[in-house]
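Number of protein chains: 2
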Amino acid sequence: MKALPILAMLLAASASAQAQSSPSPFSPEVRPDRAVTFRFRAPNAKAVQLALEGRQPAPMRKDGAGVWSITTEPLAPDIYGYSFVADGQALIDPSNWRIKPNLISPQSAVAVAGASSQLWEETDVPHGDVHHRFYRSATMGEDSDFYVYTPPGYDADKEESFPVLYLLHGFSDEASAWTTVGQVNFILDNLIAQGKAKPMIVVMPLGYGTMEMARRGWAAWSDRDLQRTNFRQFTEALLTEVAPLVESRYRARKDREERAIAGLSMGGAESLLTGLNNLDEFAWVGAFSSGGLPANFQSDFPALDKESSARLKLLWISCGVDDDLISANRDLKRYLTAKGIRYSDVETPGIHSWLVWRRNVAEFAALLFR
Amino acid sequence: MKALPILAMLLAASASAQAQSSPSPFSPEVRPDRAVTFRFRAPNAKAVQLALEGRQPAPMRKDGAGVWSITTEPLAPDIYGYSFVADGQALIDPSNWRIKPNLISPQSAVAVAGASSQLWEETDVPHGDVHHRFYRSATMGEDSDFYVYTPPGYDADKEESFPVLYLLHGFSDEASAWTTVGQVNFILDNLIAQGKAKPMIVVMPLGYGTMEMARRGWAAWSDRDLQRTNFRQFTEALLTEVAPLVESRYRARKDREERAIAGLSMGGAESLLTGLNNLDEFAWVGAFSSGGLPANFQSDFPALDKESSARLKLLWISCGVDDDLISANRDLKRYLTAKGIRYSDVETPGIHSWLVWRRNVAEFAALLFR
Numbered sequence: 007m008k009a010l011p012i013l014a015m016l017l018a019a020s021a022s023a024q025a026q027s028s029p030s031p032f033s034p035e036v037r038p039d040r041a042v043t044f045r046f047r048a049p050n051a052k053a054v055q056l057a058l059e060g061r062q063p064a065p066m067r068k069d070g071a072g073v074w075s076i077t078t079e080p081l082a083p084d085i086y087g088y089s090f091v092a093d094g095q096a097l098i099d100p101s102n103w104r105i106k107p108n109l110i111s112p113q114s115a116v117a118v119a120g121a122s123s124q125l126w127e128e129t130d131v132p133h134g135d136v137h138h139r140f141y142r143s144a145t146m147g148e149d150s151d152f153y154v155y156t157p158p159g160y161d162a163d164k165e166e167s168f169p170v171l172y173l174l175h176g177f178s179d180e181a182s183a184w185t186t187v188g189q190v191n192f193i194l195d196n197l198i199a200q201g202k203a204k205p206m207i208v209v210m211p212l213g214y215g216t217m218e219m220a221r222r223g224w225a226a227w228s229d230r231d232l233q234r235t236n237f238r239q240f241t242e243a244l245l246t247e248v249a250p251l252v253e254s255r256y257r258a259r260k261d262r263e264e265r266a267i268a269g270l271s272m273g274g275a276e277s278l279l280t281g282l283n284n285l286d287e288f289a290w291v292g293a294f295s296s297g298g299l300p301a302n303f304q305s306d307f308p309a310l311d312k313e314s315s316a317r318l319k320l321l322w323i324s325c326g327v328d329d330d331l332i333s334a335n336r337d338l339k340r341y342l343t344a345k346g347i348r349y350s351d352v353e354t355p356g357i358h359s360w361l362v363w364r365r366n367v368a369e370f371a372a373l374l375f376r
Numbered sequence: 007m008k009a010l011p012i013l014a015m016l017l018a019a020s021a022s023a024q025a026q027s028s029p030s031p032f033s034p035e036v037r038p039d040r041a042v043t044f045r046f047r048a049p050n051a052k053a054v055q056l057a058l059e060g061r062q063p064a065p066m067r068k069d070g071a072g073v074w075s076i077t078t079e080p081l082a083p084d085i086y087g088y089s090f091v092a093d094g095q096a097l098i099d100p101s102n103w104r105i106k107p108n109l110i111s112p113q114s115a116v117a118v119a120g121a122s123s124q125l126w127e128e129t130d131v132p133h134g135d136v137h138h139r140f141y142r143s144a145t146m147g148e149d150s151d152f153y154v155y156t157p158p159g160y161d162a163d164k165e166e167s168f169p170v171l172y173l174l175h176g177f178s179d180e181a182s183a184w185t186t187v188g189q190v191n192f193i194l195d196n197l198i199a200q201g202k203a204k205p206m207i208v209v210m211p212l213g214y215g216t217m218e219m220a221r222r223g224w225a226a227w228s229d230r231d232l233q234r235t236n237f238r239q240f241t242e243a244l245l246t247e248v249a250p251l252v253e254s255r256y257r258a259r260k261d262r263e264e265r266a267i268a269g270l271s272m273g274g275a276e277s278l279l280t281g282l283n284n285l286d287e288f289a290w291v292g293a294f295s296s297g298g299l300p301a302n303f304q305s306d307f308p309a310l311d312k313e314s315s316a317r318l319k320l321l322w323i324s325c326g327v328d329d330d331l332i333s334a335n336r337d338l339k340r341y342l343t344a345k346g347i348r349y350s351d352v353e354t355p356g357i358h359s360w361l362v363w364r365r366n367v368a369e370f371a372a373l374l375f376r
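Taken in order, these protein sequences are the chains called D and W.
The numbers in the working numbering rise by one with no breaks, and the one at position 155 of the first sequence is 161.
The numbers in the working numbering rise by one with no breaks, and the one at position 289 of the second sequence is 295.
Simulated from the structure, these hints should not be mistaken for lab results.
Just so you know, these numbers come straight off a predicted model, no measurement behind them.
Treat the hints loosely; a few may be bogus.
No distinction is drawn between identical chains; accordingly, a pair holds when it is met within one copy or between any pair of copies.
Claimed, not checked - Derived PhoX-like pairs (lysine-lysine); straight-line CA-CA distance at most 25 Å:
no.	residue 1	residue 2
1	68	52
2	164	202
3	319	345
4	339	319
5	260	164
6	312	345
7	164	68
8	68	345
9	319	202
10	312	339
11	260	202
Please work from the sequences and hints to get the whole structure.
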């Protein structure tokens with residue numbers, strides 16, 4: 007009989023922090039057939055759309071209580087980012103705890119499970135852990151951070167050392183993107199449990215050489231000098247700050263054949279610029295849906311020649327065929343072909359999206375350190 | 007001259023994921039005098055309020071472009087959670103990357119810096135790191151996780167072992183709350199650098215004994231059986247799953263005098279229930295703004311007597327005087343006094359808020375393991 011006073015007190019304590027708002031409607035509701043219903047209360051909005059990752063915006067309909075909703079057709083098992091666009095303003099679903107972090111456009115996310123578990127889902131296999139590390143970057147002149155995945159069993163065996171994949175996020179992401187959105191820690195757990203990937207350390211640094219790049223938002227891409235500074239300082243911070251910290255703190259192998267670099271979008275361009283210009287450091291390079299590629303391949307990759315090809319254990323270049331960046335990636339591949347550089351040419355279904363990149367990283371990681 | 011095509015391509019790639027929305031207005035804008043301007047586009051809303059942590063909701067005003075705004079008076083340096091309440095619906099600020107994660111009511115957050123750095127800010131001192139660990143909980147029958155802070159220098163010295171603080175979040179929080187919202191890793195970094203706290207490991211488990219408690223939302227508190235299951239299973243998972251994992255993976259001291267437990271709100275009640283009923287395990291107990299306290303102190307703390315007091319190195323009970331839970335906390339303190347149990351009686355300014363708990367944990371941590 008004491009439950010009600012306790013409830014009242016907690017609700018009062020909660021309400022004082024949250025103002026007098028109505029409870030949010032149930033959203034998203036993933037149905038047994040994998041159709042998803044999204045709901046959003048906006049009684050006075052004139053138009054609300056669902057912007058779901060990989061799809062065209064779709065109109066939602068309002069009920070008498072001012073709640074807009076839409077039910078999709080059954081969706082393929084995946085994790086989808088989404089926003090509600092209310093009278094032109096993209097909004098996060100206030101009913102959904104699952105948020106896709108982003109420095110420019112945070113969104114919500116919904117996981118749709120299938121009959122069998124997907125590679126990016128947490129399953130009942132041994133798990134690695136994810137370390138978040140903080141340091142002061144002399145190159146950037148400000149605080150920076152990075153994440154480190156150590157594979158299952160890392161703690162138990164104090165002798166074994168591991169190869170390292172440096173894995174770079176895209177423009178507008180924060181350093182957590184590959185774990186929170188990409189779920190790369192679960193992807194690696196699953197691949198390792200299935201014997202499909204070698205146990206490895208994955209280092210996920212903050213991917214800006216200067217935070218000015220993120221602070222300016224999309225306008226940063228119209229400032230070519232800023233882009234060049236960003237790329238140059240990123241390489242410097244990675245090679246002179248992050249990698250030495252990792253190698254002093256973790257049992258990381260240091261040979262070039264035990265070090266890989268890969269990334270998505272801006273991080274794809276960074277992987278190419280940092281990797282191909284530092285073949286003494288990396289023998290494995292992956293570039294997923296690269297964006298912000300060099301304007302002039304010859305001047306940005308000055309040392310690249312046929313000899314480079316022999317030093318590369320793998321150069322893996324992927325892009326979705328419906329990605330607006332496909333033609334820039336094809337330009338790059340034509341250049342590499344002309345220079346006699348071998349690469350794996352991977353074109354997949356899909357747009358510029360995490361639906362593509364989770365699959366890319368799984369495919370790429372399985373090839374590494376063989 | 008290549009900058010514009012690159013920009014156009016990236017914008018197109020971004021837009022396809024985000025639908026045709028307008029850029030969000032600049033928000034929040036922290037001014038040099040520490041006043042903060044909040045802006046939110048909702049052209050057809052009839053009323054929008056700012057719900058800022060620790061304050062009454064305040065009306066915002068709309069301009070001709072449909073952007074609502076408000077400028078506060080200068081705010082004391084702190085980190086404030088906030089929402090926009092648009093026609094009764096609490097919303098996350100879509101312009102702000104900084105989000106306060108929560109399983110029921112995620113919000114935005116804004117940091118207001120002062121002339122000197124605050125204890126919870128990242129400063130240029132040695133940093134500990136934060137480990138995120140995943141495991142399958144037999145007690146809960148589902149996946150669970152916890153975070154571990156290791157102090158600066160933990161990696162460098164492979165021999166030294168450290169005392170452990172188990173630190174529990176509140177109802178509706180996820181396991182990351184003490185680091186993402188509480189910034190306890192930076193608080194410890196700063197206290198340790200100043201010689202005000204002993205280097206320690208901090209373990210921050212998921213604080214539910216059953217996730218049903220979180221899935222039901224605030225309605226869970228009207229189900230007394232569910233609460234009891236939640237508290238009982240939380241203690242079991244902590245003592246039989248999380249603590250053994252921590253002690254097998256980290257250089258953690260195991261003596262009761264080297265183990266503390268503390269938490270906020272629901273986590274305060276859990277600290278009391280788990281700590282005071284397991285004095286063989288913990289000699290230090292802290293309870294900040296406890297919520298969901300036992301209905302019957304005598305039956306929930308059966309073994310508590312004057313002998314208990316001698317075994318407790320510290321029992322630290324705090325609450326803000328404007329917290330709706332102050333009277334429940336005073337009831338508890340009266341009970342402890344009647345039973346002859348000594349405790350530190352800490353009443354501070356403030357409501358049920360992280361503004362109180364960041365200060366609580368700093369004060370409490372400085373007292374530990376002396």
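Right, here's what the structure says about each hint:
no.	hint	result
1	68 to 52	both (9 Å within a copy, 17 Å between copies)
2	164 to 202	within (23 Å within a copy, 33 Å between copies)
3	319 to 345	within (17 Å within a copy, 72 Å between copies)
4	339 to 319	within (17 Å within a copy, 67 Å between copies)
5	260 to 164	both (17 Å within a copy, 21 Å between copies)
6	312 to 345	within (7 Å within a copy, 83 Å between copies)
7	164 to 68	neither (59 Å within a copy, 61 Å between copies)
8	68 to 345	neither (58 Å within a copy, 58 Å between copies)
9	319 to 202	within (18 Å within a copy, 51 Å between copies)
10	312 to 339	within (14 Å within a copy, 78 Å between copies)
11	260 to 202	within (23 Å within a copy, 38 Å between copies)
Checked against the numbered hints given earlier, the structure breaks hints 7, 8 and satisfies all the rest.
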